[in-house]
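Going line by line, the protein sequences match chains Y, Z and E. Numbering-wise (the working numbering), the first sequence opens with residue 23 and increments by one. Numbering-wise (the working numbering), the second sequence opens with residue 60 and increments by one. Numbering-wise (the working numbering), the third sequence opens with residue 38 and increments by one.
Derived by calculation from the structure, the hints in this document are not laboratory data. Nothing false has been slipped in among the hints.
No farther apart than 30 Å at their CA atoms in a straight line, the calculated lysine-lysine pairs in the DSSO-like style are these: (1) E:Lys107 with E:Lys260; (2) E:Lys137 with Z:Lys71; (3) E:Lys107 with Z:Lys228; (4) E:Lys255 with E:Lys144; (5) E:Lys137 with E:Lys260; (6) E:Lys144 with E:Lys107; (7) E:Lys137 with E:Lys262; (8) Z:Lys182 with Y:Lys248; (9) Z:Lys228 with Z:Lys71; (10) Z:Lys106 with Z:Lys182; (11) E:Lys262 with E:Lys107; (12) Z:Lys106 with Z:Lys186; (13) Z:Lys228 with Y:Lys248; (14) Y:Lys156 with Y:Lys73; (15) Z:Lys106 with Y:Lys248; (16) Y:Lys73 with Z:Lys228; (17) E:Lys107 with E:Lys255; (18) E:Lys260 with E:Lys144; (19) E:Lys107 with E:Lys137; (20) Z:Lys186 with Y:Lys248; (21) E:Lys262 with E:Lys144.
Note that the structure is a prediction, hence the values are computed from the model and not measured.
Spelled out from the first residue to the last, the chains are:
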Amino acid sequence: MDSFLEFLNILKFSDMGWGDNLFYGLLATLEIALGAYVLGTSIGFAGALGKINGGPVARFCLATYTTLVRAVPELVLILLVYYAGTALLNELLMSLGYRPVDISGLVAGIVVLGLVQGAYSTEVIRGALQAIPKGQLEAGRAFGMSRFTLFRRITIPAMIPLALPGMSNLWLIVTKDTALLAVVGFQELTLTTRVAAGTTRYYLEFFLLAAAIYLCVTLISNIGFKWLERRSTRGMTSLGH
Amino acid sequence: MEWYWLSEYAPKLLSGTWLTIQLLSMAIFFGMLLAVPIGLVQVTGPKILAIPARAFCTAFRGTPLLIQLWLLYYGLGSLFPYIDGIRTSFLWPYLRDAFPYAVVAFTLSVAAYEGEIMRGAFKNVPKGELEAGLASGMSRFQLLRRIWLPRALQNVLPTLAGEMVLTLKATPLAATITVYEIFGVGTIIRQETYRIYEPLLLIAGVYICLTGVIVVLFRWLENRVPNASG
Amino acid sequence: MKKLKNLLLGSAASLVLVAGVSQAEIRIGIDPAPYLPFSAESASGQLEGWEIQIAEAICAAMNEECVWVKTAWDGLIPALTSNKIDAIINSMSITEERMKTIDFSNKYYNTPAVIVAPKDSNISADAASVSGMYVGVQVATTHANYVEAHMGDATVKSYQNFDEHNQDLFSGRLDAVIGDSMAMQPFLQSTEGQCCEIKGDLHDISIFGPGVGVGLRKGSDLKAKINAAIDQIRADGTFDRISAPYFNFDIYGG
Chain Y
23 MDSFLEFLNI LKFSDMGWGD NLFYGLLATL EIALGAYVLG TSIGFAGALG
73 KINGGPVARF CLATYTTLVR AVPELVLILL VYYAGTALLN ELLMSLGYRP
123 VDISGLVAGI VVLGLVQGAY STEVIRGALQ AIPKGQLEAG RAFGMSRFTL
173 FRRITIPAMI PLALPGMSNL WLIVTKDTAL LAVVGFQELT LTTRVAAGTT
223 RYYLEFFLLA AAIYLCVTLI SNIGFKWLER RSTRGMTSLG H
Chain Z
60 MEWYWLSEYA PKLLSGTWLT IQLLSMAIFF GMLLAVPIGL VQVTGPKILA
110 IPARAFCTAF RGTPLLIQLW LLYYGLGSLF PYIDGIRTSF LWPYLRDAFP
160 YAVVAFTLSV AAYEGEIMRG AFKNVPKGEL EAGLASGMSR FQLLRRIWLP
210 RALQNVLPTL AGEMVLTLKA TPLAATITVY EIFGVGTIIR QETYRIYEPL
260 LLIAGVYICL TGVIVVLFRW LENRVPNASG
Chain E
38 MKKLKNLLLG SAASLVLVAG VSQAEIRIGI DPAPYLPFSA ESASGQLEGW
88 EIQIAEAICA AMNEECVWVK TAWDGLIPAL TSNKIDAIIN SMSITEERMK
138 TIDFSNKYYN TPAVIVAPKD SNISADAASV SGMYVGVQVA TTHANYVEAH
188 MGDATVKSYQ NFDEHNQDLF SGRLDAVIGD SMAMQPFLQS TEGQCCEIKG
238 DLHDISIFGP GVGVGLRKGS DLKAKINAAI DQIRADGTFD RISAPYFNFD
288 IYGG
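Whole structure, please, built from the sequences with the hints as guidance.
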């Protein structure tokens, strides 16, 4: 088809072609996804430990946090944090005597998606931590391991294979959630595609291409996680049925 | 905080909420309807059906819903002028309006995610029960209707509430293709009144309520449905 | 306790570092969606168009450094009021409604709104001709306000971007669209735009306002500077020099 060849022409990696724009959009997507995933996992760890070991106040705050995030659409949360959140932050900073900061779209995106991820990964990590057979922890303590050594040598390695399926799911979710940032105007892959489609009017072709790119990211991630799962469960007996 | 705009926009907010509920219900209903055969055919069926089903699930779960939505609405829309007579066909009211596209996109998404879950559910029904059914002389179709499907659905029911909440949280995306569900109405309010916090907080509140209703509804349903396995 | 304080200070400091942008520049908000001939993002990622050049000329006349901040169109005013950007240069009309929340510089151009429909349709600028029809506009624009105020019988569909409602006009989903006369030109000259033509001008000074100005926060000290800069580029011929390749009439308007 004539227009298909024209479309391939438009994709050139040059100043005239949109191929490099899409590439940078993809990079931005992956940057945000990675940042949000790391932030979310950290929050998840803290939250899970807080829920298991913390007092009633900590547990109440964490419960409110996870419930709110799981009940309110990401898009609404993104808008709330992006506009209202930065306004509040600047007011706080100004009242403390600092100058207002300009939080870039990248940072805002990572913070918002990280907070959302944090709520979900709290549950995943908590579930994994609580599923570790108590016997292993008791044995470690009987050996005289300090709390930190226990954590490092037994808890973490036992927890990883249990948490991995949930965490791999969360990674896929965060890579797709980056598309929502298009609605606030941050130029990751989805918005770049829409601008390209709008300018060249090749709507069908560009959106199909974007879908294919996301699919590749998903498939490659799946292969990566399968490899991780195989490595982490090497030599492990099945943890009870 | 100022709420002076509430009374002026109340009718729009109500119609937006109703639109959200409609979109959600239709997506879940048709999505589950599709999910059952998609899941089943991957466990039993001939490869020629199982492979496309698998590909469908992978494709729709591996791409963002927003892209699927835009692809459907604008991508298909760009083809219309090249199809003669489309404006006079009976399909035109559905092709021109934005709501059907939102329903289709969400339905396909639900079908893909639930299809994957149904696949697991069908596989996990204890073989013994299926063999007992066959031994009693049931036909394959009777087996499906009386044992396999109900048992699979029993296992799936707890996750269905979660799926419904996830779909509810995805409905705001419809606003990007001119479907004015509750988030879209919130956007209009934000733009016309220039208030930053209040409309967003109200919308968040509406979603929390809707989520609460879904969770309560499913808890009630779960109590009425006999639990899986003793 | 000391650890906590250090942690908080450290994260606040890193936020400032990450933010990076020095506060001396003027941050101008713009939506990168194509709105030629005024603004568009080229394939190389650069912003181009008449409005971009005028903005750069204004900044040069003020002797300030300006940086473009890409923001969604319907997020421009919230971004301005929450101090994420300092100015809006994105063909935003000066209207009373907007003046309640933000301030504007003097106008820098004024073009009429038009209604565009398929060549073979009977639609005109008359409100009765669109009764019962589907009319497309861009969300949060004066064109959207016009349709709400004057064309109550029509079904209004609001789109996030200008090119999207034009695309739906081309697809046949819409019977007409309303937008800026100049911005319509690239669409009407494109292959898809061959379907349609301008059917009439729309006028309502109370809705469309005196023209397009630079959006500013209330009480901003940029207002006087920008007004002076606009006067300067009009006086010394820069405005006309930039406009000549784009328009063969005076876009500043009456």
